[in-house]
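Okay, here's what each chain looks like letter by letter:
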Amino acid sequence: MARYLAPLGVIALLLIVFSIGLTRDPSELPSTFIDKAAPEFDLPKLKDLDTRISSADYRGEAALVNIWATWCVGCREEHPFLMELAASDVVPIYGINWRDRRPDALRWLQQYGDPYVASGFDEDGRVAVDWGVYGAPETFLVSAEGVVLHKHLGPLTREIWEQDFAPLLGESS
Amino acid sequence: MRRVWVLLLLILAQPAIAIDTGRAFEDPELQERYEDIIAQVRCLKCQNQSIKDSNVFLAADLRREIRRLLSEGKTDDEVFDFLVERYGEFALYSPRKSGKTLILWFAPLLLLAGGALIGFRVIRRRMAMPLEDEPLAE
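Chains A and B, in that order, are what the protein sequence lines are.
For the first sequence, the numbering used here assigns the number 19 to the initial residue and increments by one for each residue that follows.
For the second sequence, the numbering used here assigns the number 694 to the initial residue and increments by one for each residue that follows.
The following block holds chain B by itself, in its conformation from the complex:
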C-alpha cells in the first residue's frame, strides 16, 4: 500500500520535476507565448522530446535564444523562422504549411478523398447489379 502511495505522490509531483520551471518573463502574456513556443520545438539531440522537456544543453541553449528573441520583441513567427533557418522544418513539431511540408499536411486529405472515391464507385457498381437472392421472375 505504501508503495502505491509513493508512486501516486510521485506522479502528482510531476510538475515539480519539470525542466524549465523558473519564470522567464515578468509579463504573463510573454511567459505564456514563451512556454507555447518551447513546447513546439523539437530537441534535436533527443528527438522525441520538446526543448521544454529536455535538459540537454542544446535545449537549454535554444531556450535561451528564444528568450532573447522574445525579449527583443520578436513575433512567434520570427522565432520559428530563426529556428527553421538553422535547423530546418524538422525542428518544429508542427511544420508550417508551406513549400515542402504541404504534402505532409494534405496527403491525408488526398488519401481520404481517394478512398471515398473508390468506395463510392464500388457502391455504385454494386447497386447497379441485380440482387442475387431475389427470386427470378418467371
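Here chain A stands alone, though its shape is the one from the complex:
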C-alpha cells in the first residue's frame, strides 16, 4: 500500500499546482521594467503637435504614465477614475495616446474631460513598443528617480489604486 502513496502524493501535488495555474490569466504578463529604469519617450503633444512632451518632463517627481486610446473599451471604463485622481492632485498623469485617430482622441478629451498633464501622440505605436505595451489601458507608476514601481494592465479603479499604487507612492515621496 505504502508504495502507492508516493505517486499519489506527487499526483496530488501536481493537481494543486495545475489548478492554481488555471485560475491565473495567461494574458496578464509581468512588466519587464518593474524596479528598472523606465523607458523614455519623446512625442508630439496630442493637443498641439508642434510642441513635445517627453519623459524628461516628469523627471524628479513621481508620475503616472497611462497608455490610452479611444478604441479601447477599458480606457473608457477607467476614465472617470483618472479624472478623480487628477482632481485630487496626488500624482501627475501623463498620457500616451496609442495608435489612435487624432480627431477621435481630441473629441474624447473634450467630451469626457482631460485628466492628463499632457498626452503624447503615439500614432505609429513606436513608443508603446518601447514600453512593452501590448494592451490598453496600461498604467505605469514611475518614481521620482525614474524607476518603474508598478504596472497595471486593464482599467484602473479606486480599489486597485489604494491597494497597489498608493502604498508605493507613499514610500517614494
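Just so you know, the hints here were simulated from the structure itself, not pulled from any lab data.
Be aware that a few hints might be false.
What the hints assert, rightly or not - What the simulated footprint calls covered on chain A by chain B, stretch by stretch (three residues with Cβ under 8 Å from a Cβ of chain B suffice, anywhere in the stretch; the number is not a length): (1) 37-47; (2) 70-77; (3) 136-147.
Said to hold, decoys possible - Cut-off 30 Å, straight-line C-alpha distance, at most; resulting in silico cross-link-like pairs (DSSO-like, lysine-lysine): (4) K738(B) / K54(A); (5) K738(B) / K790(B); (6) K54(A) / K790(B); (7) K767(B) / K54(A); (8) K790(B) / K63(A); (9) K767(B) / K745(B).
None of the values given here were measured: they were computed from a predicted structure.
Note that beta-carbon positions come from the ideal geometry of N, C-alpha and C, so glycine has one too.
We have chain A already, so just place chain B on it with the hints.
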C-alpha cells in the same frame, strides 16, 4: 464534389492569405533571417500566433521594429534582446537558454533521468528476487 474542390483550392491557396507576403528586404539572406525571426516571436495580443501569422497592429508594429533593427545591421540575438527587454522571454516561442528559463529546458531531462533511475532500481530489485514460478528445490 464541387464543394470538395473549393475546399481543396482554398487549402492550396493558404500562402496567398498569409499576412506578411510582401518582401521586406532586397537581400534574400536578410529576408530569410527576417522571416525566421518573426516566426519565432509570439504575438502578445493573440498569444497562440506568431507575429508572422497575425494581423493585429501590435504584430505589425513589432514586425516594423524588427525590420528597422535588421536594416540597421543588428544581429538576430540583438533583435531578440530588444524584444525580451520589452516584453520578457514569453515573447519568444523558444526562450533562450539562460537564467530563469533554464528549468524549462532541463526539467524534462531531469524527469527522464529520475524515471530511469527509479526504473533501474525496480528492475534490480526484481532481479534479486527468486523467481516465483520456479519449482522449489527439494
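Checked hints:
1. 37-47: holds (count 3)
2. 70-77: violated (count 0)
3. 136-147: holds (count 5)
4. K738(B) / K54(A): holds (24 Å)
5. K738(B) / K790(B): Between K738(B) and K790(B) the Cα gap is close to 24 Å, so the pair holds against 30 Å.
6. K54(A) / K790(B): holds (22 Å)
7. K767(B) / K54(A): Given that 30 Å is the threshold and the Cα spacing comes to 24 Å, the pair holds.
8. K790(B) / K63(A): violated (42 Å)
9. K767(B) / K745(B): The hint holds at about 19 Å.
Comparing the model with each numbered hint stated earlier shows that hints 2 and 8 do not hold.
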